[in-house]
Structures are given as C-alpha cells and as structure tokens.
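**Q** Listed below are the residues making up each chain.
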Amino acid sequence: EAGVTQFPSHSVIEKGQTVTLRCDPISGHDNLYWYRRVMGKEIKFLLHFVKESKQDESGMPNNRFLAERTGGTYSTLKVQPAELEDSGVYFCASSRIRGEQFFGPGTRLTVL
Amino acid sequence: AQTVTQSQPEMSVQEAETVTLSCTYDTSESNYYLFWYKQPPSRQMILVIRQEAYKQQNATENRFSVNFQKAAKSFSLKISDSQLGDTAMYFCAFMASNTGNQFYFGTGTSLTVIP
Numbered sequence: 001e002a003g004v005t006q007f008p009s010h011s012v013i014e015k016g017q018t019v020t021l022r023c024d025p026i027s028g029h030d031n032l033y034w035y036r037r038v039m040g041k042e043i044k045f046l047l048h049f050v051k052e053s054k055q056d057e058s059g060m061p062n063n064r065f066l067a068e069r070t071g072g073t074y075s076t077l078k079v080q081p082a083e084l085e086d087s088g089v090y091f092c093a094s095s096r097i098r099g100e101q102f103f104g105p106g107t108r109l110t111v112l
Numbered sequence: 001a002q003t004v005t006q007s008q009p010e011m012s013v014q015e016a017e018t019v020t021l022s023c024t025y026d027t028s029e030s031n032y033y034l035f036w037y038k039q040p041p042s043r044q045m046i047l048v049i050r051q052e053a054y055k056q057q058n059a060t061e062n063r064f065s066v067n068f069q070k071a072a073k074s075f076s077l078k079i080s081d082s083q084l085g086d087t088a089m090y091f092c093a094f095m096a097s098n099t100g101n102q103f104y105f106g107t108g109t110s111l112t113v114i115p
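Residue numbers (our numbering), protein chains in the order written: chain A, 1 to 112; chain B, 1 to 115.
Wrong hints could be hidden among the right ones.
[To be verified] Straight line, CA to CA, 27 Å or less: simulated DSSO-like cross-link-like pairs of lysine-lysine:
hint : chain 1 : residue 1 : chain 2 : residue 2
1    : B       : 70        : A       : 44
2    : B       : 55        : A       : 41
3    : B       : 78        : A       : 44
[As the list claims (entries may be wrong)] Anything over 10 Å on all C-beta distances counts as not near chain A; from chain B, calculated:
hint : residue
4    : 11
5    : 17
6    : 20
7    : 59
8    : 70
9    : 71
10   : 76
11   : 101
12   : 107
Hints listed in this document are in silico derivations from the structure and should not be mistaken for laboratory results. Glycine included, each C-beta is placed from N, C-alpha and C at the ideal position.
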C-alpha cells in the first residue's frame with residue numbers, strides 16, 4: 001500500500017508570507033496527525049484529526065496555524081503569516097488503530 | 001506530562017559491530033507504548049520496534065532489540081551486526097495507552113555506520 005505522502009518536500013518563503021502544506025494519509029486511516037521538529041529539538045505534536053474532526057489541537061502554537069481535513073481524506077496545514085520561528089520540518093502521520101503511527105517524509109519549511 | 005530524553009546526539013559504530021542507543025522517559029502513566037523510529041537521510045521515518053509496557057519480555061526485530069527497564073524508565077535500542085543501511089537518525093517515542101493519541105519524542109540520535 002502507498003505510504004503517507006507530503007507536499008511540498010521543501011518550501012522557502014519570506015516572513016509574512018503564507019504557506020500551505022499538504023498531507024495524504026494512507027487510504028483507510030481515519031486518524032491523521034501533524035507534528036513539527038524545530039532544528040535540533042524534539043518532534044512535537046501539533047494536532048490530531050479523526051476523519052474530518054479535530055480531536056486534539058492542544059499542540060498548535062498559535063492562531064497563525066490553521067489545519068483542515070475536508071472530507072476526512074487529505075489534510076492541509078496553513079501558516080499565515082509565517083514567522084522566522086516557524087521554520088522546521090513538519091511531519092504528518094496516519095493510523096488506523098491506537099499504538100501505531102505511519103509517518104510521511106516531512107516538509108522542510110524555511111522562513112527567511 | 002510525558003518527557004523523553006535521548007542523551008546521545010551523535011554516535012558511530014563500525015560495520016558489523018554492536019551499538020546501543022539510550023532513551024529514558026518520565027511518566028505517571030501505568031500503561032503505555034514505547035517506540036524506536038528510524039529516519040534515513042532524506043527519507044521518511046519508519047518504525048523499527050515497539051514495546052508495550054505491560055509486557056515484560058523485551059521486543060526484538062531481527063538485528064534490533066530493546067532493553068526495557070520499566071522501573072528505571074529506560075528503553076535502550078541495541079543494533080547488532082550493524083550495516084551501512086542503519087545509518088540514520090533514531091527517535092525514541094512514548095505514547096500513553098489510554099489518554100490521548102499523541103506521541104512524545106526525544107531529540108534523536110544520529111547514528112553513522114562506518115565501513
């Protein structure tokens with residue numbers, strides 16, 4: 001089966017611009033997660049969807065971040081306006097059951 | 001809150017030798033999962049091994065095995081007969097069994113296998 005895919009693989013934007021990241025989970029996986037790794041630090045949880053509903057968004061850093069999962073399939077994470085501290089690698093993961101998560105390759109975001 | 005600590009930012013090992021990556025965690029949960037994930041350069045993160053806390057037996061997957069010490073809250077990964085393809089960033093992760101769905105990760109250990 002195809003794995004979790006993310007687009008783009010890299011994005012370089014200027015401070016104040018908007019960027020939208022996309023994640024396509026494994027087909028049939030109702031659970032979708034977003035994580036972020038800032039350089040040299042741990043990977044941190046951002047939020048969790050169950051189908052199209054936000055189950056837990058306790059990790060979202062502020063209201064400049066907006067995640068959606070229309071129709072319970074792919075998800076987007078929009079950062080508007082981007083700040084320097086938003087730079088990092090954004091990972092998406094999906095799962096069918098508790099206790100497992102399959103990760104995508106990540107999107108490396110650089111804000112200049 | 002859960003925390004995961006990986007105290008070795010970088011490690012290296014000779015091909016065919018054995019290496020152990022350390023991980024400690026802190027939690028008040030009694031039921032949980034522990035994981036080791038591997039991210040090769042420019043590739044996606046894949047699951048190496050998983051341990052359920054209620055199981056006393058250490059998990060093994062071919063050349064990969066863990067030393068799970070629940071009382072000490074320690075979860076180290078041993079890689080035997082290291083291969084060049086083992087070169088990667090290794091992340092230790094924790095997930096509570098009954099509360100929430102998020103993983104808690106350590107900062108990672110960059111392992112290089114030297115030919």
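**Q** Confirm or reject each hint.
**A** To see whether the hints hold, each was checked on the structure:
no. : hint        : verdict
1   : B/70 / A/44 : holds (24 Å)
2   : B/55 / A/41 : violated (30 Å)
3   : B/78 / A/44 : holds (25 Å)
4   : 11          : holds (16 Å)
5   : 17          : holds (27 Å)
6   : 20          : holds (20 Å)
7   : 59          : holds (13 Å)
8   : 70          : holds (17 Å)
9   : 71          : holds (22 Å)
10  : 76          : holds (18 Å)
11  : 101         : violated (5 Å)
12  : 107         : violated (5 Å)
Checked against the numbered hints above, the structure violates hints 2, 11, 12; every other hint is satisfied.
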